[in-house]
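As a plain string of letters, each chain reads:
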Amino acid sequence: MSTALSITLIVILLSILGGLIRILRGPSPAERMLAAQLFGTASVAMLLILSHLMAMPALLDVALVFALLAAVTLVCFVVLAEEERR
Amino acid sequence: MILDILALTLIALGAAFFVAGTIGLLRFPDTLCRLHALTKADGLGMGLTCLGVTLLAGSAGEIARILLIWFFVAASSAICGHLIARHVRRATDTEER
Amino acid sequence: MADPLLIFDALLGVALIALAIAVLVVRDRFAMIVLFIIFGLMTALAWVRLSAPDVALAEAAIGTGLAGALMLKTLHHIRAAPAAPVPVSVGVVFANMGFCAMVFVGLAIAFMATSLEAPGLAPQVAQNIDASGVAHPVTAVLLNFRAYDTLMEVVVLLAAIIAVWMIERGIEQAPARHLGEIYRGFARLALPAIVVIGTYLLWVGAYAPGGAFQGGAALAAVGLLLLLSGLYRPQPAHRPIARLGFVLGIAVFASVALLVASGGRLPFEYPPAHAKTLILLIEGVVTISIAVTLAALFHGREPEAIPVSETRA
Amino acid sequence: MSSGMIFGLTGLAIFTIGLFGALVMVEPLRRVLALKLCSVGGGFMLVVAAWRAPPEVADPVPHALVITGIVVMISATAVALALIRRLHTLEHDSDD
Numbered sequence: 070m071s072t073a074l075s076i077t078l079i080v081i082l083l084s085i086l087g088g089l090i091r092i093l094r095g096p097s098p099a100e101r102m103l104a105a106q107l108f109g110t111a112s113v114a115m116l117l118i119l120s121h122l123m124a125m126p127a128l129l130d131v132a133l134v135f136a137l138l139a140a141v142t143l144v145c146f147v148v149l150a151e152e153e154r155r
Numbered sequence: 019m020i021l022d023i024l025a026l027t028l029i030a031l032g033a034a035f036f037v038a039g040t041i042g043l044l045r046f047p048d049t050l051c052r053l054h055a056l057t058k059a060d061g062l063g064m065g066l067t068c069l070g071v072t073l074l075a076g077s078a079g080e081i082a083r084i085l086l087i088w089f090f091v092a093a094s095s096a097i098c099g100h101l102i103a104r105h106v107r108r109a110t111d112t113e114e115r
Numbered sequence: 407m408a409d410p411l412l413i414f415d416a417l418l419g420v421a422l423i424a425l426a427i428a429v430l431v432v433r434d435r436f437a438m439i440v441l442f443i444i445f446g447l448m449t450a451l452a453w454v455r456l457s458a459p460d461v462a463l464a465e466a467a468i469g470t471g472l473a474g475a476l477m478l479k480t481l482h483h484i485r486a487a488p489a490a491p492v493p494v495s496v497g498v499v500f501a502n503m504g505f506c507a508m509v510f511v512g513l514a515i516a517f518m519a520t521s522l523e524a525p526g527l528a529p530q531v532a533q534n535i536d537a538s539g540v541a542h543p544v545t546a547v548l549l550n551f552r553a554y555d556t557l558m559e560v561v562v563l564l565a566a567i568i569a570v571w572m573i574e575r576g577i578e579q580a581p582a583r584h585l586g587e588i589y590r591g592f593a594r595l596a597l598p599a600i601v602v603i604g605t606y607l608l609w610v611g612a613y614a615p616g617g618a619f620q621g622g623a624a625l626a627a628v629g630l631l632l633l634l635s636g637l638y639r640p641q642p643a644h645r646p647i648a649r650l651g652f653v654l655g656i657a658v659f660a661s662v663a664l665l666v667a668s669g670g671r672l673p674f675e676y677p678p679a680h681a682k683t684l685i686l687l688i689e690g691v692v693t694i695s696i697a698v699t700l701a702a703l704f705h706g707r708e709p710e711a712i713p714v715s716e717t718r719a
Numbered sequence: 002m003s004s005g006m007i008f009g010l011t012g013l014a015i016f017t018i019g020l021f022g023a024l025v026m027v028e029p030l031r032r033v034l035a036l037k038l039c040s041v042g043g044g045f046m047l048v049v050a051a052w053r054a055p056p057e058v059a060d061p062v063p064h065a066l067v068i069t070g071i072v073v074m075i076s077a078t079a080v081a082l083a084l085i086r087r088l089h090t091l092e093h094d095s096d097d
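Protein chains in written order, with the working numbering: chain A, 70 to 155; chain B, 19 to 115; chain C, 407 to 719; chain D, 2 to 97.
Because the hints were derived from the structure by calculation, they are not lab data. Glycine included, every Cβ here is placed at the ideal spot set by N, Cα and C. Accuracy of the hints is not assured; some may be wrong.
Covered stretches of chain D (in silico footprint by chain C; criterion: 3 or more residues with CB under 8 Å from a CB of chain C, positions within the stretch not fixed) [as the list claims (entries may be wrong)]:
(1) 13 to 26
(2) 62 to 71
Result set (DMTMM-like, lysine to aspartate or glutamate): computed pairs, CA atoms no more than 25 Å apart in a straight line [as the list claims (entries may be wrong)]:
(3) C:Lys479 with C:Glu710
(4) C:Lys682 with A:Glu151
(5) C:Lys682 with C:Asp536
(6) B:Lys58 with C:Glu587
(7) C:Lys479 with D:Glu92
(8) C:Lys479 with C:Glu587
(9) C:Lys479 with A:Glu151
(10) C:Lys682 with C:Glu587
(11) C:Lys479 with C:Asp434
(12) C:Lys479 with D:Glu28
(13) C:Lys479 with C:Glu574
(14) C:Lys479 with C:Glu578
(15) C:Lys479 with A:Glu153
(16) B:Lys58 with B:Asp48
Listed below are several chain D residues computed to face chain C (Cβ distance under 8 Å; list not exhaustive) [what the hints assert, rightly or not]:
(17) Phe8
(18) Val48
(19) Ala59
Please build the complete structure, drawing on both the sequences and the hints.
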């Protein structure tokens with residue numbers, strides 16, 4: 070059971086590392102932010118699985134903070150891009 | 019035992035959707051298509067993972083927190099998707115003008 | 407077969423090193439910042455794997471959210487300057503590379519030769535935790551056993567905001583940004599939710615991972631969202647309140663220490679009967695201070711009644 | 002191999018990369034990031050020193066130190082970035 074869960078974790082990690090290519094290649098800033106968003110969501114998923122695997126319910130709080138603060142950088146990006154266009 | 023297998027299946031399915039999202043991000047031709055692939059696949063992957071972990075959770079408090087996390091991730095990724103799409107649309111609008 | 411979680415750790419380690427290199431070599435400056443934000447996320451995962459959830463919480467809240475927003479803002483400000491590549495001579499690069507390689511090898515040898523199983527200070531903390539007033543060891547260390555450190559840390563925050571306010575001043579005169587109806591609805595839902603979660607993190611710090619810094623960082627995120635979306639705009643008249651916020655934490659922290667010292671004890675040697683109340687009081691006030699200071703650090707200039715354009719002369 | 006060993010070496014590598022970046026990079030923003038990498042590497046070493054093989058609990062003292070370090074680092078970053086912004090404003094205005 071825990072082996073299977075660990076393998077799932079590795080699969081998710083590998084899949085988001087694939088997303089790194091998009092960040093490096095771009096081309097537009099919006100796409101780079103989008104890929105960062107993918108990293109945030111996948112990290113929450115990994116934290117949920119880890120909280121079960123490591124038997125640490127406190128990790129749920131970490132995941133909660135990730136989920137809430139993921140929006141901050143994106144809102145910052147959108148606002149600044151808006152200003153630039155003015 | 020059956021619950022364990024069910025949970026594992028759900029989590030594995032979730033991981034598969036994450037992989038699909040990444041493939042979409044890498045292979046689709048333009049920003050809006052990539053946005054489309056990513057938000058849908060991520061939302062589903064996250065939902066399935068949450069459901070699977072809920073089945074494995076030990077206490078009611080944990081279940082409540084997992085559902086709360088799911089709700090926040092769903093809400094914030096929907097808003098982020100909206101904001102990015104709005105940004106991309108405006109950027110292309112000003113280019114065309 | 408090796409434990410699959412160890413493979414996960416190794417992959418995470420390799421990813422972290424690759425990200426660190428990518429941050430330094432990638433040509434696009436926006437990509438550099440996004441890579442750094444992701445580096446912060448992955449670092450938080452590494453802390454989790456090292457069973458340090460408190461550190462992961464702090465890193466997730468401060469290291470990624472706030473630092474990322476700060477760097478994006480700075481890049482936005484300096485975007486006009488083309489990244490003028492002043493070439494560094496190849497000799498200098500190779501000399502530094504050799505030096506860094508030597509540093510790495512030396513440190514690695516020292517690290518491999520050190521046993522990871524040394525007992526450390528955990529037994530002492532566990533022995534005295536009952537007298538500290540809280541059940542969570544990290545909070546006990548931060549606010550009781552090593553309270554001087556924490557006091558000084560709040561002083562560092564104050565020093566930083568003083569420096570930032572001296573560097574730049576002026577109020578923003580651009581019209582408020584309009585992010586659309588959907589965002590406004592989201593803000594109405596999310597801002598109170600983050601406030602609740604921040605308070606929860608502060609409260610839970612007494613017996614589980616969490617505490618003043620994590621709670622303060624979450625509350626600072628509320629300030630950031632308010633500032634970004636133009637729902638709150640700093641005015642010169644608000645300066646006294648902000649200043650009160652900056653010093654409130656230090657004032658209460660220090661006066662509790664002096665009060666305890668006046669009772670014939672050492673500073674920060676809280677009487678066990680009141681330790682929990684005192685720690686909660688200090689934590690609550692420090693949380694407010696941290697939140698206000700971090701949000702002001704993000705805003706980055708003293709709101710004074712002169713337009714920004716004039717300060718540039 | 003253990004988690005502590007893996008992340009210890011990772012931390013050392015990140016510290017060295019950050020050091021190299023701080024020595025060689027010219028752009029101020031990138032130099033600040035390099036110094037931040039250094040601080041993360043140092044944090045890794047402290048947390049690894051606190052780490053114990055799972056059934057045992059970790060040492061809370063280094064954890065508290067790293068949390069303090071993170072907050073100090075964000076203060077230092079904020080000041081450095083404010084200086085960069087100000088420097089840019091001054092240079093930019095003297096041009097035109």
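Status of each hint after checking the structure:
1. Beta-carbon proximity to chain C at under 8 Å applies to 13 residues in the segment 13 to 26 of chain D; the threshold of 3 is reached and the given coverage holds.
2. Check result for the segment 62 to 71 of chain D against chain C: holds, 9 residues qualifying (beta carbon to beta carbon below 8 Å, three or more required).
3. Between Lys479 (chain C) and Glu710 (chain C) the CA atoms are separated by roughly 20 Å; this keeps the pair inside 25 Å, and the hint holds.
4. Between Lys682 (chain C) and Glu151 (chain A) the CA atoms are separated by roughly 48 Å; this puts the pair beyond 25 Å, and the hint is violated.
5. Of the pairs offered as hints, the one joining Lys682 (chain C) and Asp536 (chain C) holds, with about 11 Å between alpha carbons and a cut-off of 25 Å not exceeded.
6. For a cut-off of 25 Å, the pair hint linking Lys58 (chain B) to Glu587 (chain C) stands: about 22 Å separates their Cα positions.
7. Of the supplied pair hints, the one linking Lys479 (chain C) and Glu92 (chain D) holds, its CA atoms being roughly 18 Å apart against a limit of 25 Å.
8. Pair hint Lys479 (chain C) plus Glu587 (chain C) holds up; C-alpha atoms about 24 Å apart against a cutoff of 25 Å.
9. For the suggested pair Lys479 (chain C) and Glu151 (chain A), the alpha carbons sit about 13 Å apart, so the restraint of at most 25 Å is met.
10. Between Lys682 (chain C) and Glu587 (chain C), the direct Cα distance comes to roughly 44 Å. Violation of the 25 Å bound is thereby established for this hinted pair.
11. For the hint linking Lys479 (chain C) to Asp434 (chain C), the alpha-carbon distance of about 16 Å falls within 25 Å, and the restraint holds.
12. Note on Lys479 (chain C) and Glu28 (chain D): the hinted pairing holds, with a Cα-Cα distance of about 16 Å set against a maximum of 25 Å.
13. With a C-alpha separation of about 14 Å, the suggested pairing of Lys479 (chain C) with Glu574 (chain C) holds against the 25 Å cut-off.
14. With a C-alpha separation of about 14 Å, the suggested pairing of Lys479 (chain C) with Glu578 (chain C) holds against the 25 Å cut-off.
15. The straight-line distance between the Cα atoms of Lys479 (chain C) and Glu153 (chain A) is roughly 11 Å, inside the 25 Å bound, and the hint therefore holds.
16. Distance hint between Lys58 (chain B) and Asp48 (chain B) is fulfilled; the C-alpha atoms sit about 16 Å from each other, no more than 25 Å.
17. Checking Phe8 (chain D) against chain C by beta carbon gives a least distance of about 6 Å; that is within 8 Å, so the hint holds.
18. Annotation: interface hint on Val48 (chain D) holds; nearest CB of chain C at approximately 5 Å, less than 8 Å.
19. For the restraint placing Ala59 (chain D) at the interface with chain C, the shortest Cβ-Cβ distance is roughly 5 Å, inside the 8 Å limit, so the hint holds.
When each numbered hint is compared with the structure, violations occur for hints 4, 10.
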